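Participant: Starting from the given sequences, assemble the full structure and let the hints guide the process.
Residue numbers (my numbering), protein chains in the order written: chain Y, 664 to 784; chain G, 664 to 784; chain A, 35 to 132; chain D, 35 to 132; chain X, 435 to 561; chain E, 435 to 561.
The hints are simulated quantities; they were obtained by calculation from the structure and are not laboratory data.
All values derive from a computational prediction rather than experimental measurement.
Glycine residues also receive a C-beta, built at the ideal position from the N, C-alpha and C atoms.
With the Cβ distance kept under 8 Å, some of the chain G side facing chain A (calculated, not the full set):
| no. | residue |
| --- | --- |
| 1 | 674 |
| 2 | 768 |
| 3 | 778 |
| 4 | 779 |
Derived DSS-like pairs: lysine-lysine, alpha-carbon spacing no greater than 25 Å straight-line:
| no. | chain 1 | residue 1 | chain 2 | residue 2 |
| --- | --- | --- | --- | --- |
| 5 | G | 773 | A | 83 |
| 6 | G | 755 | D | 104 |
| 7 | G | 670 | G | 773 |
| 8 | Y | 669 | E | 554 |
| 9 | G | 773 | A | 48 |
| 10 | A | 48 | D | 83 |
| 11 | G | 669 | X | 554 |
| 12 | A | 104 | Y | 725 |
| 13 | A | 90 | G | 773 |
| 14 | Y | 746 | D | 83 |
| 15 | D | 83 | Y | 773 |
| 16 | Y | 755 | A | 104 |
| 17 | E | 554 | Y | 670 |
| 18 | G | 746 | D | 48 |
| 19 | G | 729 | G | 746 |
| 20 | G | 729 | G | 755 |
| 21 | X | 554 | G | 670 |
| 22 | D | 48 | D | 104 |
| 23 | G | 755 | D | 48 |
| 24 | A | 90 | A | 104 |
| 25 | G | 746 | D | 104 |
| 26 | A | 48 | A | 104 |
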Amino acid sequence: MLTSSKKIAILNASSTINEASKEALDAALIYGSYEQTTSLFFQGEGVRQLLNNQNVEIVSIKDYLKTMAALEFYDIENIYACKASLAERGLKEEFHLDNVQVLNSDDFSKALHQHQVILRF
Amino acid sequence: MLTSSKKIAILNASSTINEASKEALDAALIYGSYEQTTSLFFQGEGVRQLLNNQNVEIVSIKDYLKTMAALEFYDIENIYACKASLAERGLKEEFHLDNVQVLNSDDFSKALHQHQVILRF
Amino acid sequence: MTILHVQRTSAFDKNDFAQCIATIQSNDALVLIDDGCYNLTHSMFNTLKNQHPDIKIFHIDDHAQARAVKIENSQSQPIAMAQLVELTFEYDSTITWQ
Amino acid sequence: MTILHVQRTSAFDKNDFAQCIATIQSNDALVLIDDGCYNLTHSMFNTLKNQHPDIKIFHIDDHAQARAVKIENSQSQPIAMAQLVELTFEYDSTITWQ
Amino acid sequence: MRTLSVVITTPPSSYLTITAIDYITHAINAGVDVVGVFFYQDGVLNASANISIPNDEYQTHKQWQSLNQDHGIDLHVCITACEKRGLSDDLADSSSESQSNISQYFTVSGLGELVELTAKADKMVQF
Amino acid sequence: MRTLSVVITTPPSSYLTITAIDYITHAINAGVDVVGVFFYQDGVLNASANISIPNDEYQTHKQWQSLNQDHGIDLHVCITACEKRGLSDDLADSSSESQSNISQYFTVSGLGELVELTAKADKMVQF
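Facilitator: This is the structure:
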């Protein structure tokens with residue numbers, strides 16, 4: 664096992680049907696599987712990845728959103744959504760994950776500032 | 664020689680230091696070399712491609728802007744820039760080509776509407 | 035001549051839709067596809083409607099549903115991909131905003 | 035902890051800079067590189083300055099010059115790439131906005 | 435008969451490419467004569483002979499193969515754009531025979547073919 | 435000694451990649467220990483063995499080669515991202531020996547290597 668006390672943040676900025684979103688999730692799951700402290704942040708178009716009632720299989724894409732259920736298994740428990748990004752898009756806080764923390768811009772930023780490595784996809 | 668009475672428009676939307684801009688120019692020059700009636704339109708970030716005093720060689724990129732001088736040789740004489748895009752960016756009409764026609768949004772759109780094939784890069 | 039505007043990107047993310055709206059004329063048509071479907075919920079969509087009240091607006095139904103985009107009645111006409119093919123031939127040219 | 039914000043895209047084209055500004059704190063620093071240099075002439079740049087009057091702002095001089103971006107004095111400090119390397123180690127983490 | 439040419443600039447890894455394939459398939463079903471598809475910019479990466487996508491994901495490269503084999507659609511790649519991106523039909527190998535890593539279902543072309551396809555078809559659509 | 439890892443997500447055709455190479459070069463010159471570069475998403479395309487860029491343009495692939503050969507920088511590509519994009523180190527050829535179209539200057543890795551590079555370096559920067 665790796666010994667590193669770094670906290671990793673994956674900042675998700677791409678909309679749901681974007682290969683970058685899937686590849687960001689793959690990266691998050693790997694950090695989790697190596698027992699690295701990992702948090703997920705959703706901002707901008709990225710907040711759409713959390714919404715329920717999406718069905719990407721309609722457009723022939725594998726439902727990678729389902730894989731987010733595995734986050735808990737890897738102890739990735741801190742999942743943050745930017746409240747301003749949701750509001751700007753007229754989106755309700757209706758998510759397919761039940762442990763999403765919706766934060767205002769300042770708190771979202773402060774949470775992000777707790778991490779030593781931030782990758783944005 | 665091809666017999667086609669189509670008018671081709673290349674709509675340039677990418678900023679100067681972007682591989683899409685070079686590939687758009689390459690496409691325009693080919694249409695010109697096959698004696699197809701071809702016009703160039705610059706809109707959005709694309710208007711930056713026309714500005715003088717740029718020097719992309721500073722950042723190790725081949726000066727493809729110079730190649731625009733060849734447009735005339737291929738009888739590509741209609742080069743349009745969107746006035747609103749320039750204004751929005753606080754840019755003066757100081758170009759490295761001398762036959763750029765700066766049009767307001769409506770005239771820009773009307774000129775574009777004269778073309779049967781429009782490719783946007 | 036008329037243009038079919040095929041809008042593929044979200045105005046919440048990129049500037050293409052603003053350029054599309056600046057370019058569109060009343061006899062043109064707009065088709066929202068891919069992430070372009072999100073524009074149905076953007077304020078610029080209303081700007082377009084105000085500027086061109088009678089303009090034809092379509093969206094690919096599957097693309098909107100996949101994204102859970104909620105569409106109010108009469109905002110835009112849902113179509114299938116087959117109809118996008120037909121539209122391609124009804125207009126003189128096409129611009130893909132992506 | 036502090037973040038070095040590396041801004042690579044133009045706010046005239048994409049929404050990243052708005053997100054960067056929403057995220058930045060007064061002890062962070064901003065470096066404009068690549069097309070991010072165009073943001074020196076965007077109104078959002080003034081928004082940032084108003085929100086965080088003392089924030090450190092840099093741009094890669096070569097990147098701005100290649101693009102003929104005109105920079106008013108004291109808006110932003112021109113640096114070379116070597117200094118970006120140094121900045122990387124002066125801040126706790128880095129976000130690349132691209 | 436209605437004729438159509440299509441220009442593809444998105445790579446096989448982009449979900450946008452699925453939409454393009456869906457559009458072309460519907461054009462064929464509607465009886466449109468698809469004169470040809472031209473791959474340019476990152477779109478040329480679709481022509482790679484060695485793409486391998488997990489079985490449970492959309493098989494972009496196999497769809498292109500099917501459009502060519504089952505429907506006779508010509509798939510043209512711009513060789514200049516290819517070479518910058520690692521694709522070539524003229525790779526030297528140890529036996530000094532030239533090899534190709536461009537899929538056999540694609541035709542190696544130049545930008546001139548884009549001009550041809552523009553002239554030949556009633557309509558040209560970009561994806 | 436200061437240590438650094440770099441993540442590359444832009445393809446060789448993108449001018450943004452020049453900036454990344456410039457940054458890494460300056461890090462080396464400043465005496466920074468560049469622990470490794472990890473190529474992900476479209477960044478893996480930089481590892482193609484067959485890139486050919488006109489002589490008067492920036493030779494991205496040769497710059498990577500030089501970083502590896504002259505400066506000993508490890509260049510890791512994510513094989514999963516590679517295979518979707520047509521790059522593989524396990525291509526069957528006629529002699530049934532496996533072949534590779536990944537440049538010899540790159541190391542075939544998995545996402546686990548990204549985690550390793552994150553843990554090993556003081557700082558990680560993405561381009």
